[in-house]
Amino acid sequence: MARRATAALLVSIVGHACLFAWLGGAGRAIKSPANTNTPSIPEELRPADLPIAALTSVAERLARAEKLAVERRALVEKARKDKLDGALLLGDFLLQANRIDAEEIGQEIDIAEARARYETHVAALREALKESDVKHAAPAVFGELKYHGRPGGLMGRALLDGGGSCEQISQLVASAVFDAGRPEAAFLRFYGAPMSDGVAHLAPIAIEGGEERDLMTGRGALLSGKLLPAADLIEVYARAHGLSPHEPVAGKTAATQGSNTNTNTNTNTNTNNPSEAERPTLFNGFPPNNDRYPGSLPLYAARALKEPAGADEIPEDPEAARERARSCAYVLRMAMLKPPLIDVVPLEGNTGLSVEPRRVPTPLQLEREAALLQAAEDLVGAEASDEADRIMGLACLTALGEVAAIDFTLAREPRFADAAFAKHKRAREEGRRAIEDLLRKDDDIERVARKLSEDFGGRTWLLLALPGGDELVFATLAHGRRDNWGRVSALAALVLWPATQARALALVEKLPIQNQVSVMHEVFHAHDHMRPWATNVELSPSPGEGAGATFRRAYGVFRAMAFRLWEAHRSVDEILQALPDEARRAGLDAAWEAAFLEYCTRNALGLYSLRTTGMTLVMAAKEAVRKNGHPSLGTLSKQLDYIELQGRLDARTLADAMRIP
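The numbering used here puts the first residue of the sequence shown at 1, with every later residue one more than the last.
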């Protein structure tokens, strides 16, 4: 009967199309009321304006839609009957529904392979449940599944992709628990109000022994939203496709949650990636409620299901997550301003290229980056955030978004790379506008610069990720406290970044020599985390004697000394013997030599305080101080004398010596 109806529909449409096409000229010449009131056919599909081939294509699409609607209705009716008879296979129902939904929007999905993987997981879960409960068995069986923070998606696709969204994971896990023989424990909880990222949330829930456990977090479930048995997914699917009456989700439109209420395809549109524009969702069919899941969900998690948390484990305070975002600069490192490069030179010729080495990230690293991206977005959007918080949050999103995009690409996750880079671009543009607004107002720039200097000491260099951020960093140096320890890291970053190096060196050379040495220390160690590829940072020598020339020459001497101390692990006696000659060859005076001598000695004392040969260092340092004789070494000389009198170098004698003024 259904086939005859479909064929009749096709013949009718094509026949009417031919008639309208033949009368097309007359139809366009005389516009009667009958011709202007045809709401059943969109204007772009009116037969008089289309060739026969296009009309045939339209007819075929309509016929396919009718066929799928009949299949969907039959699938739901059968599932309802199976549920009443106690014979429901929930996973099979959802996979068949996936096939229909995918065909409806023109996507391909290997349902046979998805079904095979589903059955493998259900069998493993059934076996695990013989000796364990759901909250322990589910994370063990589904341990390979990753969380993907893209709304919507088909359950079967999560099986094929090795992970998916909260909707995909929740349907998969709840169905598997149901089909593994534990329907009384299989539930879902739907939080209908959009989170801060504009998307509602669905969680897989296990109820055992009176305890309700969220299997995605491993913690007790947040008891709000709407709780429903896993088998209710039949009615959720029916409502989402207009096969049962339902009310729209209260509070916000379903489109805000990543679904489209105007069609039965219910596809997600909350994405910046055109390839992800068609992601079916059932959120329109869940029970309406205005309860919001607190916070937001990350772009990526290495494990979609977490092991059960202990009774003493509590969820992270949202403020703690925002504080991590404020410290984003400690995660990213200054090396991004001047990354190490590997020169690739061909065997013949002299034309080569330079490439930046990158480590292939681990799943845990990707998860941390995704979580920090989310925390930065929360910081930017939090009501309690001030201008300094928001600008630093945008700087974090801009810098980390680019880093995460590269890392996800290296991990062969291009969809998440696209999403991370989209965050980078949006934050960069928003940050540019925010800084431009600040720079127009002298009072505001001074106030915000002081706030940044006080609250983000050692981290303001991250502002260089934003267009115009260099002016804001220079403003923190101009308006912040002179004794703020963060000034050293800010100056080091400005020296590292080629775009600001000349201007920064002019400022650095006005500092006392000891402060300049502190800047050199930060510059030298910028590439520490890249070992063994890069050991330390090189500054090219100045071609003349302009601004920064002395600093560059001095840094060359410092770099050689620091390499021997930190990386080559040479004896301190050898380092101190080489220092005078290298300083003189660089044209440095006794004050520079004394500053380097003090730097080397103080750091070596800390290293040798844990060794039995510490007194050898003390005696070598005393001799070097005596030969140099510069007045700036007076305090160091007294401290070395004290340690010599104690007859040993250890943590206690070193601490006591450092108190001597």
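Treat the hints as calculated values from the structure; they're not laboratory data. C-beta: ideal position from N, C-alpha, C; glycine also. Be careful, since some hints might not be right.
[Claimed, not checked] Below are the BS3-like pairs computed for lysine-lysine, each with C-alpha atoms no more than 25 angstroms apart in a straight line: (1) K67 - K78; (2) K627 - K451; (3) K338 - K130; (4) K338 - K146; (5) K226 - K306; (6) K638 - K627; (7) K226 - K338; (8) K622 - K638; (9) K83 - K226; (10) K441 - K451; (11) K81 - K67.
[Claimed, not checked] Beta-carbon label-pair distances, calculated as ranges: (12) P346 - A568: 46 to 52 angstroms; (13) G381 - S354: 25 to 31 angstroms; (14) P346 - G381: 46 to 52 angstroms.
These are the hints, each one checked on the structure:
| no. | hint | in the structure |
| --- | --- | --- |
| 1 | K67 - K78 | 17 angstroms, holds |
| 2 | K627 - K451 | 46 angstroms, violated |
| 3 | K338 - K130 | 56 angstroms, violated |
| 4 | K338 - K146 | 33 angstroms, violated |
| 5 | K226 - K306 | 22 angstroms, holds |
| 6 | K638 - K627 | 15 angstroms, holds |
| 7 | K226 - K338 | 51 angstroms, violated |
| 8 | K622 - K638 | 10 angstroms, holds |
| 9 | K83 - K226 | 21 angstroms, holds |
| 10 | K441 - K451 | 15 angstroms, holds |
| 11 | K81 - K67 | 21 angstroms, holds |
| 12 | P346 - A568: 46 to 52 angstroms | 32 angstroms, violated |
| 13 | G381 - S354: 25 to 31 angstroms | 39 angstroms, violated |
| 14 | P346 - G381: 46 to 52 angstroms | 50 angstroms, holds |
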